[in-house]
Structure formats: structure tokens, C-alpha cells
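Enquirer: Single-letter residue listing:
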Amino acid sequence: MPVVEVDPDELRELAGAEDKPDAELKADLFSLGLEFEGETESGGFELEFAPDRLDRLSVEGIARSLRYQYGHDRGVYVPETNDAEWAIEVDESVPEERPYVTGAVVRGLDLDESRLESLIQLQEKLHATMGRGRAKGAIGVHDLAMLKGRRAVDGADGTDATDATKTITYRGVAPDGDRFVPLDDDAERTPAEVLETHPTGDEYADLVEGLDRYPAIYDDIGLFSFPPVINGARTEVDEGSRDLLVEMTGTDQWTIDRMLAIVCYALDARGGRIEEVDVRYGDRQLRRPDLSTSRKRVAHDRIERTLGIDVPGTEVVDLLERAGLDAAPADGGKRDRGVPEDAPDPDAPDDVALEAVPSRTDGPDTALGGTDPASGDATGGDATQPSTDGELIYEVEIPPYRVDVLHPADVVDDVGRAYGFNDLEPTYPNVSTVGGRHASSRLEDAARDALVGLGFEDLLNFHMTNEAELFDRMGLAPGDDALGASDPPTITEPYSEAYTVVRTWALPSLLMVLENNTHRAYPQDLAEIGLVAGVDPEEPTGVEEHRSVAGALARTDASYEDAKARLQALADAFGASLSTPPTTHPSFIDGRAAEVVLDGESVGVVGELHPKVLVEHDLELPVAAFEFRLDGLR
Amino acid sequence: MKLPETQLALLEATGATDRTPVEPLAEELGEDPAAITRAAFELEAAGLVDVEERAVEDVALTEEGERYREAGLPELRLRAAAAEAGADDSPAEMGRLVGQSGLEGPEVDIALSNLARKGYGEIDGGAIALGEDPRYDPEADPEAAALESVAAGEADAVATDVLDRLESRGLIERTETTARSVTLTDEGVTALMEGVEAAETVGAVTPELLTSGEWSEVEFTEYNVEADAETVNGGKTHILRQTANRVKDVLVGMGFREMEGPHADADFWINDCLFMPQDHPARTHWDRFALDVPPMAELPADLLERVEDAHRNGVGSEGDGYHSPWDADFARAVALRGHTTSLSMRYLSGQAAGDLEPPERYFSVEKVYRNDTLDPTHLLEFFQIEGWVMAEELSVRDLMGTFTEFYEQFGITDLEFKPHYNPYTEPSFELFGRHPETDELIEIGNSGIFREEVLSPLGVECDVMAWGLALERLLMLMYGFEDIRDVHGTLCDLDLLRNVEVVY
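So the sequences go chain by chain: L and U. If you read the first sequence in my numbering, its first letter stands for residue 141, the second for the next number, and so on. If you read the second sequence in my numbering, its first letter stands for residue 525, the second for the next number, and so on.
Isolated chain U (complex conformation) (with noise of 0.2 Å):
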């Protein structure tokens, strides 16, 4: 027979007729007793020994009771106190005899408490009398002589109900653990006699041994589990796209919808249907890429007559137009969007998605290019969020529920809105937040009302407000990465995207 080697060893040491108990047994073979314990329990499936359990108790002084024992029952010391002050003939002022027996804190108390429940005085209007008929001897108080016996342990001197008593008061502490010892049984005894040998360990598992049944027999080598492993890089989405992805769910769950759109557009998508004045400073060539492609022929005729007369004239009987040059080949020109509010006035105009009606909601995270000088925080192309909502009648209140709603799901809270200037829209926000971390307020964010010159040319007749923040942003304040070149495009450094925690 072949049995693994802690068995062997287990098997080997008990004795047939005594109770061979494991703990030490343990001790002696310098072995694990959990593994020990494992082994009996083997040993005993296989009919070659018996295992008896028992329910131990140990019982040890806390803290508490280790003081008592050496300094004394508050309520022993209290009541000498109280004898040497004279209280059997007269009541001795609780707070002198307090002093004199050198209690402190919850140790008076507890000193009163006990004091009145053995009888050892009576308290009365602070002052305490000796008791005349004390339950116990002082001298000879049964709980104190506990103490000692545990400490010496031998609590199973000790009578149960003073153990109970002690432990009501926090002085010991009693555990049960279960003592087990083995015995050969009479297979067990046979077998010892005609020989076990020991069974080597084994590494690997293999099929072979799965299916010859060799497993039952044999030990497996103990790996050091505490080792590092290789490093293993598994397929990643990229931590932009991840979150990307949280916004996109955010967005949907609000009842968004997904836009989609050309990069390369017309300067009219991109800026004149947004009331932006042809020689306004962003829409020169120093922040705009401009594309070497032929202008945009196919710009819907009547939409472009009405652009034109907003920029020129204003709109309704109160507005007024810009004191600017109107180009239409300006209007044509191809460049790549330096905002997706592009696709925000093709929908709106009804050219992408055909006439809208209210309420709708819009949205994308999709790149824009501006033509900004790469540096640590600034890309030439990066990720826009845009959102915009289209209803009967909406207020500044309805714009700034809406983005309180998306920031409190990325865990940026108190909102505090800076009134500022778009071209677009009116009244305009600038939206910041607390950095979750450093608790900084932080820009996070641009929205604002849609302005009638916009939304009239468009033939739209109700509300929009929109707002938007670049991705990068977002991240950059969810991660903290000081270069967002290591994180977004061509030079980024791939240790940081596969040692990125993910978005959730």
C-alpha cells in the first residue's frame, strides 16, 4: 500500500491503543497540525483510523482581569479603604474613601456596583456604611481566588457559576476549540504490519494521471502560492474609448440619441449656422484646418439665403445682423470641424436625421480638430462631448438640471455656474466643479441656450439648449495624468494604457 507521506508519517505515530493526539503530534512532526488534521480525516475515509473529537475550553484573564489580579477587586479595594476610614462605625465620605483607595475612572463604578451586590457596604447619600452581613468572607471572596486559578490555569477548579460571573464582568474570556486525537483501527493496525510505503509527490497534473485513477494515491508538491507570476498583457480598450463609452451610457440612459456626422464639413455647418460672424477671430486660418478640397457645392439653397439674412439682418422685428463681410464661398469652404455642433445643426436643420419635433435629445463624443499647439494638456484633435435637448419651452433652470444630472454620475457635485459668452447661444455657462481630489473648481464644462438667429433659420420654432466639454477633461480629472500625449494618439506610451485601472 502507498499512502502520501503526511499520512505515512500520521499513521506511523499513533498508537494503537492510545488516543494519539494531533496537536502535538503536530509539534513533533514540524508539520502544519491543519494539514495534520487533513490527513487524519483521509486516514479515516480510508477505514484506517478512528478520530475522536472534543470540545476544549480555554479560559485567560483580559486585560481587565490581569489588572484586578494584581491590584485587586475595585470593590475589595474600595471596601478596605472604607474599614481602615472607620465606616463600620460611622459612614466614611464616598469621595475621601474614593481617593484613599487610589480608584480612577470606570473603576469606581464598577467598585459601587460590586461593593453594594456582595454586601461588602451600603451606600447612602455619598457615603458609604461597611455592610454588616456581606454575602462572601473579603478575605476570601471567591471571584478574586478565580482570578488566580485562571491565571494559574486551572480553571476547571473553579466553580461554573463564578466563571459565568467573571465573564458577565469582562475578566475572562472563555474560547472552545475542538481537540481532536487518533487511533489505529484494526485495518489500520493490519496494514502498518504488512508494510505502507511512502508515495512521491507530483507536480503538474496530467490527463494520465486523471484517468488511470493515480491521483487518489499520490501527494501533490506544495507551490510557494505567495510568488509573483509572469506578467501577462491581455486585449484592452483603450482608456479614452472606455470612457467614451461610461459618457455614451450616461447619455443614453438620459434619453439621449447618437449623432453621427462627416469630420471634414463645410464652414457652414461648422460656424455660419451657429451665427458665427465670417470674420470672427476663430474662424482664421490660425484655429481652423482649413482643407485643400474644392468648396462644398451641395449646401441646401434656402437654408443658406436664410444664414445669410440672420448674419446680415438679425432675426424678428427686435434683431439685429453683424457689422461683417458675408462670403458664400467663405460658407462653402471645407475645413475640419473645430466642434461637433456641426452635426448638431444638420440635425437640427433636418438634413441628417429629416424634420425634428420636440422633445428630442441629441448627442455625440466624437473627435474635433483646433489648431492648438500640442503641449501637455492640449491636443490638436481631441473628443467633444456635445449634448443638446429640444422641447416646447425650456429654461436656463431645465439646462443646468440636466448637466447637474450627468455630473453627479461621474461623482462631480455642486455645480456652480459662471455666466459667459458663445456667439451661439444666450444666456451662456461656463460649468464648474470640484475636482473629486484635490478639491479645486474646475472648468468642466460650456452650455448654453441656442439663440433664435440659429434656431429660425433652421425652421425650428421651440427650445434647444446644448452643452459640452472635451472628453480629455473628464479624463484628466477621473485619472490625473499630467500629459495627455501619453494617454490620446501617436506618442502615447503603451505601459500607461495596459497599466491603466478601468472606467466603470
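The following block holds chain L by itself, in its conformation from the complex (with noise of 0.2 Å):
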């Protein structure tokens, strides 16, 4: 889970809540979701929260979910932009891996070094959530000042006389094609020597190295910025930076909107102006940034259904506004869904009305219209009308840095969130069910049962192992003709050479476990009951699975009897008839080793493990031991 650093006095000051006392602070941050984590050295609150509020990735996010906690704010706010005097053009050459960009400018920024900070923290967060890695989306963050947008000339290339919008452009350049001198850098390097020699190149050469043309936006002057890799030092945003480019480029546009929304939004907390900027693609043009508001309708009773509670109307309505939202109740579809988003609507009832809507404990009878004198109002009797299938439903306006509301549902946990979830009473759910172990647990803890009255220690061994563990100290290969040599399934991508495959017997276990207590009394009976698994084209999953039963007795005097006396004696508990046929496996002495045959099937071996293998293990004492497929027993 991502964590953020935040300053808890800088905190304090965007809430509102100057004199709030660290612990109450914390536990306020705690009922938002966001759990402390523990302070820095310079005495800020690290805070870990989880990723379905990528606004709260800044302090001025925390802090505006805080002011509509403390009742500061209501209601959905989206900030006002300015027509732009900026454009982004895209140009054909951008490689069609990331063909999308957005933008926008922001003006009279008075940007302190704690203030960029938490724009560079919510920049570099933002890139690990969202951008997914730079992948998907990838920021860069431009002083305005550092500019030249090239302007449209009279006639030429077919602009309009009258634009004066000053252009930049998102174009695609070959690897050497051109330099530039990259942040943190001296000297002027090509793309291809970025990825080479800089250390940030190196970090995100991966993203960009299979493509012919690599990302870059050029101004009138040239090239500022190599998107998702790094930005040019001539843009370099500082102290005294006032007015800025915020642009992002990736695979997707939805996805960098909503970054973008997420950055205005912040920058606007702290007095920046929002200032649009023309996108030009080839085939159409957007106005960004994107800062509309989107909609979900809500039923009433899908509120209290899943919050558990009776909730008035209004109490809803006043929930979502300290959410963040704004509701109200829906017409019953007669609503126009193209109306823009600031217009007022004519249907919209007062709050007297909504007082009389009907909770899930009140009858039909009891429905609107009845007694209220309100409702007899003419204009508000309509709007007040439930929709036509008899429930209540809200409109609820959504501001665009929610991006996690993707269904009615997400609204209903911000409903859940402003009630305060810790105020409900639980409940038991009202329904009974029969319990019962499955079968096959059943059989397990039965053979498990056994093997302890036997005087077996029962271990709990990983799975996953390595072929040397598996096979090699075992004295066996994979392609042996004996219990446990077969091919392992083997993990993909490992990062640990102890854990490469998935164990095909669980003998190798044991004599591992008995390898490290080579320092604890003996004698040292051992059993385990676990998984063993097999690479099987016939399976559905393409991976054969089976509890495996694994036995071995380590004593100064142990002996192939010790092992099949106990293995008798499992066989006889279970009613299965037990036959031992000798047989060779390469980890069991010759002449000392068996198959276990239970009921006629062979599912197994017992017999005294080779010097080789005990030799191996550091092992100073003879060992006998069994290993055979559980459902022998059944």
C-alpha cells in the first residue's frame, strides 16, 4: 500500500483545523482510511492509504477530504478554468504505442519548497498507482516562463489568421535524432544516450526501447521533454517558477485525464489558476483539462440495504455533500441526461419535500402525498414523485478526481464512510446454514490423527523447493523411474534460487527439517501430511495435485522394520491391506527398499535411505522412511 508524507501542520492549515491536536488528527485521518504509519525524521506524518483515492495522494487532497469531513465545504466543487492560450499539437510521427496526451496550464503559482515537494511527491505517486509505473501514464511538469510556443503565421499551413494560440508539439523522434540537455545533467544528450548513461534512463529504458520513434514534445526552440523517461533542464520547475505546463502522455486518455484532474485540483488548492489547453489530433480536438463531473444514479433502498440502516432522505443528501457529491432526488427518467453541468435544475424539490420519503420500515401507505402539506404543492408534488418503479432514486454529481466510482455501489460506501461506519450496531445474519469439513480434509486429519499416536512429529513444510533440494541431495532425476521424480512445476520468474519449482514428493522435505535440528535429541520421528504437485498436460490447470503422506525415523538404531511397523499400523487404522514388493529407488538402499502397495494399488516406497543421501544432509545417524499418496488410505 502506498504511503504518503505529509506535514501535519501544512495539513492543518488547507483543513482548517490550525489547533487539532496530533491524536485527534490521526484519529480523523484513521476514519478517512488513512492509517499513520509513523513520523520522519523531520516530524512528518507518514501516512499509508489505500489506492481507490488517488486525490489523497497530496496534502491538499487529505486536506480538502478533511474540510468536507469538518464540514468546511459541501458538495461537489469543481474549479474554474480559463480559455487557452496554449495548444498541444500531436503529430504523426508519435509512436502508436503512446499516442495520447493531455495538458494544462496553470498560472500564479507561488510555489514555497514544501509546496513543490508535495507536487513532486504526488507527481512520483501518481506515476506508481495510476501511470502504472510510467507505464500507462507518465507526468512532466514545465515552467511556462521556459517556452516558446511557435505561433501560428498568417495563412500558412491553413490556421486561422485570428489564432494566437502558441503551439508545442507531441511528436515522435528517432533515438538519435536529436539532443537535448536532460534534468540533472550537464551535457546535451540524444534520447538514445538518455537511456544509456543517465540514471533515470536506465530506470525507464524498458518502456520505451522496443519502439522506433521514442515520445517527445519540442516547443519553438526545441526539445524539452522525453516522456515517460525525463524532462529537459530548461523547464526545470524551482522556487520561483509561477505559472506552469503540466502535461501527460501514455497509453491511454481516460487514465492521464484523470491524472490531470488530480494535479489541477491540487495546484488549485493552492491559488493556482487553471487554464485550458487545446488537443489536436490528427482527426479531432479536446478542450482539456477534463474537469467535468459525471453521474450515477443511486437507489434509496440500495443505501440502506447495504449500510444496514433507516436513513431520511435528507440525512443522505447532507452525507453525500460532506462526501464530496452532490445529490438529489431523480425524476423518474424524465431528466434530460445531456444537460450540461452547471445548469440548474428546474426539478430539483426542496428539503422539505424529501423529509416525507419513505424509509424501508414505512409501509406503502404511508407513501408521499398522504398527509405532508408539502406535498400538495403543485411543482413539488412532481419532483417529489418516487420514479415509476415506486423507489426513491438520487442523482448524485460526481467531481472528476473520484476515480474510483464505477458503480452505484461506490457511492453507497461514501455514504457508509460520512455516517461512520464504526457507529453501526452488527448484526448476525438472519439465515442458517449446516457447517461440515470436506471430505478429503476429513481423510487427512484422520491420517494425520494416526501418524501422532504413532509418536510422529507433524511438520508443515513449504511447497515450493529447487531441483537441487528435490532431486540432487536425493541422489534422483527428474526422469528416474521412481516416487518423486517427475517433472516439477516450475515457477516462471523466480527471485529466490531456494524457491524455483513446486515439490513433486515431500521426502526431501523432511530430510531438510531434519538437516537443520541436527543439534535437537533424538530420536526424531517425523511426519508430514502436504501437497506434492506435477507437471500433467491432462489436468485442466495443466498441474497435477495431491496430498502426499511422508514419513521418517531418525534413531541410532533405526531400521527398515521401524518404518514398515508404522506403515502397517496406518494401513490397519484405515482397513487397507498393506503389501510390500521390493523395489529400488535411488535415495533407498538396494535390497532395503519397497513399494507400498495399499489395497492393491502402489502408491508409494518405504525403505532405509542411502549414507549418500544421509551423508548429504549432515545426517550422522541411520534414517528409515515411507512416502505414499493419501487417498491410498481411503
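Misleading hints may appear alongside valid ones.
What the hints assert, rightly or not - Listed below are the simulated EDC-like cross-link pairs for lysine to aspartate or glutamate, each with C-alpha atoms no more than 16 Å apart in a straight line:
1. Lys942/U x Glu175/L
2. Lys166/L x Glu150/L
3. Lys526/U x Asp542/U
4. Lys760/U x Glu584/L
5. Lys166/L x Asp149/L
6. Lys942/U x Glu188/L
7. Lys288/L x Glu177/L
8. Lys942/U x Asp563/L
9. Lys306/L x Asp223/L
10. Lys760/U x Asp1019/U
11. Lys166/L x Glu536/U
12. Lys288/L x Glu376/L
13. Lys526/U x Glu711/U
14. Lys760/U x Asp585/L
15. Lys942/U x Glu177/L
16. Lys306/L x Glu225/L
17. Lys942/U x Glu565/L
18. Lys760/U x Asp589/L
19. Lys942/U x Asp168/L
20. Lys526/U x Glu678/U
21. Lys942/U x Glu954/U
22. Lys288/L x Glu225/L
The hints are simulated quantities; they were obtained by calculation from the structure and are not laboratory data. Just so we're clear, the structure is a prediction, and the values are computed from it rather than from any experiment.
Combine both chains into one complex, guided by the hints.
Expert: So, in C-alpha cells, the structure goes:
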């Protein structure tokens, strides 16, 4: 889970809670879902949070949530935007793997050290989460004063003479096709050189390496950004920067637009003025940033049902406003969904009518229009009629930084959070079901009980191991005709040499435990019933899985008989007939190994382990052992 | 005749006519009185002696009694102070008298009540006048005399009613013991005259001793029963399995049925059915154990289609999909499951146990695999407890109630719910509880109500809620282990497993 570093004093100031003590602040944050992880050296709070509310990746966003919680703000807020002065032109040379771009200009910022740090952290965290490590979306922030936009020349390239926008271009460039001075560098480099020599270049090289042309952003002076890798030093933002260009590029338009919205809200909270940018693709033109709100219709009944409470309509609207949303009862489908987002709703009822909303305990007879005098009003009456299917539905307006709202359930969650889930009384679901164990786990338990009854120490070992442990150190090869010799399911990209395959048999695990416990008292009678697996194309998953029963007796006088005696006791306990015809197995002493045959089926092996295996495992005493398929006991 | 040593010693020491008391005899022989008493009864059973019992009363002063013996009974002290203050003429003020007599605390009330009872004084309105007709002569108070007698060991010289009074005042303690004494019978005398030998003591009880009857004639060597015995390591179920079984018991008791299913499974069941976008960070190779086997061909085609539709377009008229790529091959890729929710998906889809109708409750306590770094609190494979409930209507309160009930069984109460996020549940909660010992607030689980985007493609039209917790976490809470690697896995310490307390 991502961790964000936040200055608690800045947070208090932005949230309008200057005097709130630390403990209370932490509790408020906890109820928002932000867990306090610790303090940094400089006294900053480290907050862990869940990646649904990416707007909280900065102190500005967290403060906004707190302001809503404290009641300083209510309802949807959308920053105002000024008309575009800049445009981003998308050239057809742009690599088709990363074709999308978006942007905004933010003016009038007063950036001090902490605000700049907050912006950089927001950028980083957005990259890590929504940006999928910059693969999906990459953010570039530039000092606008250092950019020279290309102005349209009258009549040239068919542009309108009155078009006064300054243009920058998002295009593709050959890996060694141009040079620029990257951030944290002092010499001009080609993009290819950046990938090779610059540490950031090395980190993100795999995002662009396979492309014919690398993404690049140009102004009239030249190349100033190489997304998703690094910006140029020329447009570096510092505390003196007042106007910024924020651009984002990537593989999905919606994603980068949302990331941009979050950044715009954060900068707006710092007093920045948002200015639109024209994004000109070959076939279409977009106005960005897209700060439009979205809408979801949510049934009142769903809210009550999910939260398990009766809640009047006025309270629902209040809670949603406290969550930074806006809500009003829908008029049953008559509303035109194309209405612009900031147009007043002519059908919106006043609060009095909302109080007459029936809750789920009211019967249909107490529905609106009965005894409530306010409902006699003609306009109010229409709007308070529930929709045609008899239930109240809210139309909820959602601000653009809410990337997590996919479904009405997400709005219900907001109602619950504003209400305070901890304030709900738990109930026990009034449905009865009959419980029980699965037959296969009952068999396993019965076999384990029998082993423990015979004095075995029951072990729980890892299922993952490596080929050396599984085969080499047991004197076995995967191609042998012996128990355990089969193709193990292999992990595609293991990170540790110790864990590269899933085990095909369990005895190697017992040997490893014996090896690690030579300093513990003997006798050591160890057993395990656990998963073993093998590659098998006949299986739907391609992997065959079953439970194996393994036992090892390590004692100064361990002999074949000891192992067989216990095996016999096990078989007897399950009413299975046991026979042990001789066999050979590379891990066992020749002439002292046998097949385990239960009820006529060959299911395993029993014998005295070969000295080469014992010595390999640093053991200085004999070990008698057995292993067989658990379902042989059925 | 042969007799065990102790019996022989007793027989020889017993006089024929005199009653030989057992206590002094035991001291003389240097034996435990209980052993001598036992021997006496054995001899009596053999007809060689008679044992007489007498109840003996032992009287002793209590601590309070001792104090009053030295300082004087409180009522006498009070009376003396009153006399000195001339209370025979006119009543003296009580407070002054109490102060002068040096009485403190409860002694004051004791003095006053006994003063009145014995007629030594009359108390009226905070003043005391000397009694004109006392019951006893203050100089010869029988209770005071009795205290001296008891101290001198002459309690039997004291009248019974006085002793009773002293006992009710808590100044003496009377205990009854049985004093036994032994005399020889005629047979006993004869046996002695004929000569009795001492039988040797015996070590091991053998079958021969039992069958020959010789056991009745021998004495058994006393063993040092306090000494440590050799260490015996019996068989034992692994502590984590014991905990798992306890959890399973609790869940079965709450009406949950156990699930079963593959450890290696298609990403479809593990993640896609759970509405996890295919480019979710947890689905990269950094977090999961992809296996080198061909993609799973056998996925129900219509379900695959519905899940893809949910990812792309959301579910319902108000649902939105993900802006993430969808690749059916990735859905088919096989990996070791990162959570047992893959089983829940198989069951909810109807694949594992047929179509399910509400109400249903299912659980699993089985292994999952995550590509974490191995350290004292993290393993690459661990046990996950997973439970879900399907019913026509469920609310978050039902969710809270179910696991409140569950955790109570483990002594974890006062749960707190932190709103949380999972791609597949909404609302979601992290559960926090108080550590039974450190009282620290710690995370003990994750839970939520499944999203419509999960349930609708599976064909589930009612509500399903679920929660989960790592079993190792519960174990660490219950036992306070510091390094989970000592317990779970091939790096375990055998002695730790052998010595750990059982779970019940």
C-alpha cells in the first residue's frame, strides 16, 4: 500500500483545523481510511492509504477530504478554468504505442519548498499507482516561462489568422535524432544516450526501448521533454516558477486525463488558476483539462440495504455533500441526461419534500402525498413522486478526481463513510446454514491423527523448493522411474534460487528439517501430510496436485522394520491391506526398499535411506522412511 | 514371620500393657508420623495390635488474643481509665477516656461493647459512668485469667463457657486432632516371642511378586518422587495445523462448509473473476508465482465473455468498466494462487459444487502463495482463512456481526472497522482488534461486500459478503512468536514445535 509523507502543520492549515492536536488528527485520518505509519525525522506524518482515492496522494487532497469531513466545505466543487492560450499538437510521427496526450496550464502559483515537494510527491505517487510505473501515464511539469510556443503565421499551413494560441508538439523522434540537456545533467544527450547513461534513463528504458521512434515534446526552441523518461533541464520547475505547463502522455486517454484532473485540483488548492489547453489530434480536437463531473443514479433502497440502517432522504443528501458529492432525487427518468453539468435543475425539490421520503420500514400507505402538507404544492409534488418503479432514486454528481466511482456501490460506500461505519451496530445475519468439513480434509486429519498417535512430530513444510533439494541431494533424477521423479511445476520468474519449483514429493522436505535440527535430541520421528504436484497436460490447469503422506524415523537404531511397522499400523487403522514387494529407488539402500501397495494399488515407497543421502544432509545416524499417496488410504 | 521394617519397629517398640502413643514413637524412630500410623493400621489388620483413637483438643491464643494478654483486655483498660478519671462519681467523657486508655481503631468498639456486657460501665450520650453492679470483679476477670491459662498450656483448667466466649471473641483457636496409641494383642505378644524378621525393601514390582503373593510381605523402597524424569517427546500435530483446526471448528460451528480446489489455477479464477484489472500492480510478476505450464484451455466460455464484458464496460446501467487492457491469454495463464478467493469464485460460479442458492456459508483455511521477501513476519507461502456468506440481503452490519462473533471465539473483542479498498468488494473494511496481551490495536483481517461486477457475471443475484485473515497472523497473536520461519516451513526449529503449548 502506498505511503505518503505529509507535513501535519500544513495539513492542519489547509484543512482549517489549526489547533487540532496530533492524536485527534490521526483519529480523523484513520476514519478516512488513512493509517498513520510513523513519523519522519522532520516530524512529517507517514500515512498509508488505499489506492482508490488517488486524490489523496498529496497534502492538498487529504486536506480537502478533511475539510469535507469537518463541514467546512460541502458538495461538488469544480475549479474554474480560463480559455486556452496554448495548444498541444499531436504529430503523426508519435509512436502508436503511446499516442495520447493531455495538458493544462496553471498560473499564479507561489511555490515554496514544501509546495514543490508536495507536487513532486504527487507526481511520483500518481506514476506509481494510476500511471502503472509510468507505463500507462507519465507526467511532466514545466516552467511555462521557459517555453516558446510556436505561433501560427497568418494563413500559413491553413491556420486561422486570428488563432493566437501558442503551440507545442507531441511527436516521435529517432533515438539519436536530436539532442537536449536532461534534468540533473550538464551536457546535451540524444534520447538513446539518456537511456544508456542517465540513471533515470536506465530505470525507464524498458518502456520505450522497443519503439521505432521515442516520444518527445517540442516547443519552438526544440526538444524539452522526453516522456515517459525525463524532462529537459531548460523547463525545470523551481520555487521561482509562477506559471506551469502540466502535460501527460501515455497509453490511455481517460487515465491521463484523470491524473491531470487530480494535479489540477491540488494546484487549485494552492491558489493556482487553471487555464485550458487545446489538444489537437489529426482527427479530433479536445479541450483539456477535462474537469467535467460524472453522474450515477443510486437507489435509496440500495443505500439502506447495504448499510443496514433506516436513513431519511435529507440525511442521505447531507452525507453525500459531506463526501464532496452532490445529490438530488431523480425525477424518474424524465431528466435529460445531456444537461450541462452546472445548469440548475428545474425539477430539484426543496428539502421539505425530501423529509417525506419513505424509509424501508414505512409501508406503501404512508407514501408521499398523503398527510404531508408540503406535498400539496404542484411543482414540489411532481418532483417528490418516486420514479415509476416505486422507489426513490438519487442522481449523484461526482467530481472528476474521483477515479474510483465505477458503480452506484461506490457512492453507497461514500454515504457509509460519511455516516461513520464504526457507529453501526453489528448484527448477525438471520439465515441458518449447516456447516461441515470437506471429505478430503477429514481424511487428511484422520491420517494425521494416526501418525501423531504413532509418535510422529507433524510438520508443515514449504511446498516450494528447488531442484537441487528435490533431486540432486536425494540422489534422484527427474527422469528416473521412482517416486518423486517427475517434472516439477516451475516458477517462471523466481526471485530466489531457493524457491524455483513446486515439490514433487515430500521426503526431501523432511530431510531438510532433519538437516536443520541435528542439534536437537534424537530420536526424531518426523511426518508430514502435504501437497505435492507435477506437470500433467491431462489436468485442466496443467498441474496435477495431490496430498502425500511422508514419514522419516531418525534414530541410532533405525531400520527398515521401524518404517514398515508404522506403515502397517497406518494401513490397519484405515482397514487397508498393505504389501511391500521389493523395489529399487536411488534414494534408498538397494535391497532395503519396497513399494507401498495399499489395497492392490502401488502408491509409494518405504525403506532405509541411502548413506549418500544421509551424509549429504549432514546426518550421522540411519533414517528409515516412507512416502505414499494419501488417497491410497481411502 | 517377616514384616516390613516400619511395622517391625513399631511392633517392637509397643509395650504390651502401656498404650504407646504414635506421635512420640514416630519421633523416637525418626519416621514420618503418617508412615507410623499406616504401619499401625496394617498391624491392626493383621491382628497384632490394637489401635486406640482419642480426640484431643488443642487450644491456642490467636494474635489478637496474645495482644490482649500482654496489654490487657480492652474493656479492662477502658474501665481502668474511667476509674482513674473519677467516673464512679460522675460520668467521664468518652473521647477523653479512649485517648487515655490508648485504645485504637476497632479496639474502641470492642472495649465499649464488652464494658457494657460485663457491667463494668454504663454508656450514656458520649460519657461513661462506672458500673455499680459489675458482673465480675474487674481484678479477677475470668476471661483475662483464661488467656493466661491458655498461654501456659493449661486450657483444660478453664471453664468451657469461658473458652467458648473467648473463641467467639476471636481470641483463641480450638483445633481437634486425633491422638492414636497402640497396644499389643495377645497374638502380637506371641509373634514377638516367636521372633519376627525384617523383610527387605523391594524396587520394581514384578509379575512374579504379584503372582506369588509375596507382594503382601514386602516393603517398597521409597523413591525420590520429586526428581525430574527423562524427557519424552510424544507425537504432536503441528501448532499451525492445531490453530487451523481450531479455526475450522469455529467456522463449522457457525454454519460454514469447507471448500476445496487447486493451488495452481488460471489467473481468470484468481483475479479476473474478482474484477481486478489486468494491469493491476498485484498482477505483475513481482507479486505472483506464474508457472511454466500452458495456459488453461478449459474455462467456461460464457463466463469468460461476461467477465471480459464486466472489465470493459462495467455491470448494470450505471456501471463503468476499466480503462485497462484485456487479454484472454493472460486470463488463462496459470499461477500459484495469491489468495483462496479463487476457490470462492469457483464455488460461486457453480463450477465447484453446482449452482448455489442462498443462504450459503463457505470457508477455506489453506495455502496461498505470494512473491514477498522471506523475513521474520513474511513467508512466500502461508495459510489464508477465507469465509463468505451468501444471502438474499446482506448489509455491512451483517458483515461486522459475523466476524465479531468469529473473533470473540479467540478472545479478541472490541473490533474497529477502518474503511478500506479492494478492487472486488465495496464497501470494504480492514478489521482492527486489541492484542490480547499488549493491548495494541492491530490489523486482524480484511473484508467487504462483493461488487456487482464480480457477482453478476457469475450469475449470482443476491448478496455475498466475505472476509479473510492470514492464519499465521492469528497464530502470532496467540503465541507471540517472533520469527514465523521457526514455525512454518522447512526452516523450522524442532524443539520449538515440540515445546509449544497446545491450542484448544
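Enquirer: Does each hint hold? Answer for all of them.
Expert: Consistency of the hints with the structure:
Distance hint between Lys942/U and Glu175/L is fulfilled; the C-alpha atoms sit about 9 Å from each other, no more than 16 Å. Between the alpha carbons of Lys166/L and Glu150/L the distance comes to roughly 14 Å, so the proposed pair stays at or under 16 Å and holds. At most 16 Å may separate the alpha-carbon atoms for a hinted pair to count; Lys526/U and Asp542/U exceed this at roughly 24 Å. Proximity of Lys760/U to Glu584/L is assessed by CA-CA distance (about 15 Å); at most 16 Å being required, the pair is judged to hold.
Among the hinted pairs, Lys166/L with Asp149/L is consistent with the structure: their alpha-carbon atoms are about 13 Å apart, no more than 16 Å. Between Lys942/U and Glu188/L the alpha-carbon distance is near 12 Å, which keeps this suggested pair within the 16 Å criterion. Restraint check for Lys288/L and Glu177/L: the C-alpha separation of about 44 Å exceeds 16 Å, so the hint is violated. A hinted pair counts as satisfied when its Cα atoms are at most 16 Å apart, and Lys942/U with Asp563/L qualifies at roughly 12 Å.
Distance check on the hinted pair: Lys306/L and Asp223/L sit about 13 Å apart at the alpha-carbon level, within 16 Å; holds. The hinted pair formed by Lys760/U and Asp1019/U meets the criterion: a straight-line CA distance of about 12 Å does not exceed 16 Å. As the CA atoms of Lys166/L and Glu536/U are separated by approximately 86 Å, the hinted pair breaks the 16 Å bound. Using a Cα cut-off of 16 Å, the hinted pair Lys288/L and Glu376/L holds, with the two alpha carbons roughly 14 Å apart.
At most 16 Å may separate the alpha-carbon atoms for a hinted pair to count; Lys526/U and Glu711/U meet this at roughly 15 Å. Restraint check for Lys760/U and Asp585/L: the C-alpha separation of about 13 Å stays at or below 16 Å, so the hint holds. With a C-alpha separation of about 14 Å, the suggested pairing of Lys942/U with Glu177/L holds against the 16 Å cut-off. At most 16 Å may separate the alpha-carbon atoms for a hinted pair to count; Lys306/L and Glu225/L meet this at roughly 6 Å.
Taking the CA atoms of Lys942/U and Glu565/L, the gap is about 15 Å. The hint holds against a cut of 16 Å. In summary, the hint linking Lys760/U to Asp589/L is supported, as the alpha carbons are separated by about 9 Å, within the 16 Å threshold. Between Lys942/U and Asp168/L, the direct Cα distance comes to roughly 11 Å. Compliance with the 16 Å bound is thereby established for this hinted pair. A distance of roughly 44 Å separates the Cα atoms of Lys526/U and Glu678/U; the hinted pair therefore is violated under the 16 Å criterion.
Under the criterion of a C-alpha separation no larger than 16 Å, the hint pairing Lys942/U with Glu954/U is consistent with the structure, at around 5 Å. For the given pair, Lys288/L sits about 12 Å from Glu225/L by alpha-carbon distance, which is consistent with the 16 Å threshold.
Against the hints set out earlier in the document, violations occur for numbers 3, 7, 11, 20.
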